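**Q** Construct the entire structure; sequences and hints are all you get.
Under the numbering used here, think of the first position of the sequence shown as 1, with each following residue one higher.
Since the hints were derived computationally from the structure, they do not count as laboratory data. From a predicted model like this one, the values you see are computed outputs, not experimental measurements. We put the CB at the ideal spot given by N, CA and C, even for glycine. Every clue listed holds true.
Between beta-carbon pairs, the in silico distance windows are:
#1 123 with 62: 37 to 45 angstroms
#2 161 with 27: 28 to 36 angstroms
#3 91 with 135: 18 to 26 angstroms
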Amino acid sequence: MSPFNALLGLSELLLIEKDIEAAKREKLLKIILQTSKTGYNLLKNLLEWSRFQTGRMVFHPEEINLKELVDANIALLNSNAVAKDIQIFSDILETTGVFADENMLNTIIRNLLSNAIKFTPEKGSIEIGCCEKEAHVEIAIKDTGVGINSQDIKKLFRMDISYSTQGTGQEKGTGLGLILCQEFVEKHGGKIWVDSELGKGSRFYITFPHSCPSGGLLPT
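**A** As C-alpha cells, then:
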C-alpha cells in the first residue's frame with residue numbers, strides 16, 4: 001500500500017466514524033502524520049533523483065560551514081526524534097568547512113539522519129561527527145538502532161535490487177534515499193559506506209572535499 005492510499009483510508013475512517021473514542025482518534029491522527037511525512041520524503045527524493053538523472057539539477061559546489069548545515073537539519077528533523085525520545089548529538093566544530101553543493105549536501109544529511117531516527121528505537125541516541133583529513137572531511141552518523149546484517153548491507157546502494165524495511169516505529173520507506181545519497185556523494189568525488197551489525201546499530205560514513213580542489217573543478 002502506498003502512503004497516499006493509507007492517508008485516504010485513514011482520513012475516510014475518521015470522517016465516517018464520528019463517534020470514535022478520543023484515544024483511537026489520536027492514534028489514527030499520529031499514523032496520518034507519520035504517513036504524510038513518509039509520502040513527502042518519498043516525493044522529494046523522487047523529484048530530486050529525476051532532476052539529477054535528467055541533468056536538470058544545477059551543480060554549484062561552494063565553501064560551506066558544515067556545523068551550520070548539520071545543525072539546521074537536526075532542527076528540521078527534531079520533531080521526529082522527540083516523538084521517539086531519541087537524543088541527537090553533534091560534535092562538529094564551528095570551523096569545519098566542506099566544498100560541496102549545498103542542496104545536495106542537505107539532501108544527503110537529511111536522508112541519513114532521517115534513516116538513523118527511523119531505525120533507532122525509543123530512548124536511543126544518534127551521534128554526528130567528522131574527521132578532517134588533508135584532502136577531505138569524513139562525516140559519520142552513528143545510531144543505536146537495530147543494525148543491518150552483512151547480506152543486506154550489500155543491497156543498500158543498488159538500483160537493481162528493491163530493498164526497504166520498516167523502522168522501529170513502523171515507519172515505511174523505499175530505499176531510494178540511500179541511492180540518492182550515493183549519487184550525490186559520488187558527484188563530489190566522495191565515497192559513502194556503512195559499518196553495521198544486527199542489534200548493535202549502524203555508522204554511515206561519507207567523504208567530501210575539504211576545500212576547492214586544485215583547478216577549481218569537481219567530477220562532472
